[in-house]
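With the hints as extra help, turn the sequences into a complete structure.
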Amino acid sequence: MAEVSLKVNGKVENHEVGENTLLVDFIRETVGLTGTHVGCDTSQCGACVVHVDGVSVKACTMLAMQAEGSEVTTIEGIGSSEKLHPMQEAFHENHGLQCGFCTPGMVMSAIELVSKNKSPSEAEIRDGLEGNICRCTGYHNIVKSVQAGAEKMGG
Amino acid sequence: MYSTKIVKAENSSAAVQAIGSSKEGKILAGGMTLIPTLKQRLANPDCLIDISSCGLEGVEDKGSSVRIGAMTKHAAVAESSSVAKAIPALADLAGGIGDRQVRNRGTLGGSVANNDPAACYPSAVMALDGTVHTNKRDISADDFFKGMFETALEEDEVIESVSFKKPEKACYMKFPNPASRYAMVGVFVAKFSDGVRVAVTGAGEEGVFRHSDLESALSSNFSEEAVSGVEVSSDGLMSDIHASADYRANLIGEMTKRAVSS
Ligand SMILES: Cc1cc2nc3c(=O)[nH]c(=O)nc-3n(C[C@H](O)[C@H](O)[C@H](O)COP(=O)(O)OP(=O)(O)OC[C@H]3O[C@@H](n4cnc5c(N)ncnc54)[C@H](O)[C@@H]3O)c2cc1C
Ligand code: FES
Ligand code: FES
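Line order of the protein sequences matches chains A and B.
Count along the first sequence starting at 1, add 297, and that's the number in our numbering.
Count along the second sequence starting at 1, add 1164, and that's the number in our numbering.
Hints in this document: simulated from the structure, not taken from any laboratory.
On a predicted model such as this, the values are computed, not experimentally measured, just so you know.
Careful: at least some of the hints might be erroneous.
Under the rule of at most 25 Å between Cα atoms (straight-line distance), these lysine to any residue pairs were calculated in the SDA-like manner [to be verified]:
#	chain 1	residue 1	chain 2	residue 2
1	B	Lys1203	A	Thr327
2	B	Lys1249	B	Thr1295
3	B	Lys1203	A	Met298
4	B	Lys1187	A	Glu300
5	A	Lys413	B	Lys1172
6	A	Lys415	B	Ala1242
7	B	Lys1300	B	Ser1327
8	A	Lys449	A	Ser416
9	B	Lys1330	B	Asp1225
10	A	Lys441	A	Glu365
11	A	Lys413	B	Lys1249
12	B	Lys1172	A	His312
13	B	Lys1333	B	Lys1300
14	B	Lys1187	A	Val314
15	B	Lys1300	B	Glu1319
16	B	Lys1203	A	Gly315
Label pairs and their in silico Cβ distance ranges [stated by the list, open to error]:
#	chain 1	residue 1	chain 2	residue 2	range
17	A	Glu386	B	Lys1249	11 to 21 Å
18	B	Ser1387	A	Lys449	48 to 58 Å
19	A	Gly397	B	Ser1387	48 to 58 Å
20	B	Ser1344	A	Ser416	28 to 38 Å
21	A	Asn311	B	Gly1184	51 to 61 Å
22	A	Glu390	B	Glu1318	52 to 62 Å
C-beta: ideal position from N, C-alpha, C; glycine also.
What follows is the structure in structure tokens.
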């Protein structure tokens, strides 16, 4: 066991965990935020994407201890049910989800994408979301949502 | 994942020491290969030595070569203006690895140390006449890669950086596996004043290799026609669920042509 201290959505989280604890398990089970999902065990699906110090990562492929001292942002940290993040609003308005399982990861990846490229083209969006798999939508409405989200975010 | 211990090393000599005092310690770089392996319980190291604080990140232009720190992330190489200026093909290669999140964590040192037969970087190290700098010695690319997942690295050896010679012209062409994004076949062609080097990844049963027939054909005539004149044999190439050896042999020719004409 080891002590891990990091910030999740601005709040300090100081816990004793097994040294082999994955960041995604720390977020879901220790901190209790279940918006970050686990969809595979091969690091391919992107349902677990969060930001660590502003950079998108697959939380299933990082140990909690590797995030020691970092600021982690999860889907719960970007908006609230009363005031959605513009990217969440865009997914809502453009029917960018069906079952919603992939959506937290999609939104977190999309926010990083737009932070680097204010008005991405369709090809750039598809390329930028390469690490996020959706089994429902066929991606068209996700691309539309990200385009609309980029506009709302001021692109 | 089996239980394990984590040691954060402050520099590479501390990392080497930590490996020495463990039974089966393993270096943890970006974790994009090692953590999935641990999750599947395919490895059981008693200790992971995290080298992210060892100061092994960064790009240095050395005049006739570019030296890149082992812990430099794929995304940083892809976005580096000095790499883009000196060896644009290397920046392109890094920007085509996996997906954004893999590039945000995965490192040059990890990719080279792992020597996955379908990984992209080993082909660049070979074609750009690279040198792997460790805590002990400098190893030339031709001596470093020893076959599938095998390298010249010793148990207690840490890659600190890798140097790549600046070519006159170079291009990496990858035919990605549509599911994993790894190379089904990747060809790195680099033209130097004294000849052409061609390294092939994704195809060989023994991992990355240089293709001497393509090298001599292109060294005397750097053109697509020269590639057409070479019969690429399927001997020693992999056959698996993704592609047969014959298909891979054909892709080697095709990717080489595309690299030459780009
Ligand atoms: C979904 C997915 C897609 C991918 N697609 C591609 C692709 O298209 N092309 C490609 O090339 N790769 C691909 N990769 C692999 C990726 O590039 C990895 O980042 C890389 O292979 C390993 O680097 P790492 O920093 O994550 O190393 P780690 O996983 O931390 O380590 C890998 C191995 O190298 C050893 N090691 C690490 N650093 C050093 C060092 N400095 N000195 C000595 N030993 C060291 C470790 O002990 C371990 O055995 C993909 C990975 C994933 C998960
Ligand atoms: S859970 Fe699938 S990539 Fe993390
Ligand atoms: S909406 Fe169901 S997986 Fe994407």
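Do the hints match the structure? See the list:
no.: 1; hint: B:Lys1203 - A:Thr327; result: holds, 19 Å
no.: 2; hint: B:Lys1249 - B:Thr1295; result: holds, 20 Å
no.: 3; hint: B:Lys1203 - A:Met298; result: holds, 18 Å
no.: 4; hint: B:Lys1187 - A:Glu300; result: holds, 24 Å
no.: 5; hint: A:Lys413 - B:Lys1172; result: violated, 31 Å
no.: 6; hint: A:Lys415 - B:Ala1242; result: holds, 19 Å
no.: 7; hint: B:Lys1300 - B:Ser1327; result: holds, 15 Å
no.: 8; hint: A:Lys449 - A:Ser416; result: holds, 10 Å
no.: 9; hint: B:Lys1330 - B:Asp1225; result: holds, 10 Å
no.: 10; hint: A:Lys441 - A:Glu365; result: violated, 36 Å
no.: 11; hint: A:Lys413 - B:Lys1249; result: holds, 21 Å
no.: 12; hint: B:Lys1172 - A:His312; result: holds, 18 Å
no.: 13; hint: B:Lys1333 - B:Lys1300; result: violated, 32 Å
no.: 14; hint: B:Lys1187 - A:Val314; result: holds, 23 Å
no.: 15; hint: B:Lys1300 - B:Glu1319; result: holds, 12 Å
no.: 16; hint: B:Lys1203 - A:Gly315; result: holds, 14 Å
no.: 17; hint: A:Glu386 - B:Lys1249: 11 to 21 Å; result: violated, 40 Å
no.: 18; hint: B:Ser1387 - A:Lys449: 48 to 58 Å; result: holds, 50 Å
no.: 19; hint: A:Gly397 - B:Ser1387: 48 to 58 Å; result: holds, 53 Å
no.: 20; hint: B:Ser1344 - A:Ser416: 28 to 38 Å; result: holds, 30 Å
no.: 21; hint: A:Asn311 - B:Gly1184: 51 to 61 Å; result: violated, 32 Å
no.: 22; hint: A:Glu390 - B:Glu1318: 52 to 62 Å; result: holds, 58 Å
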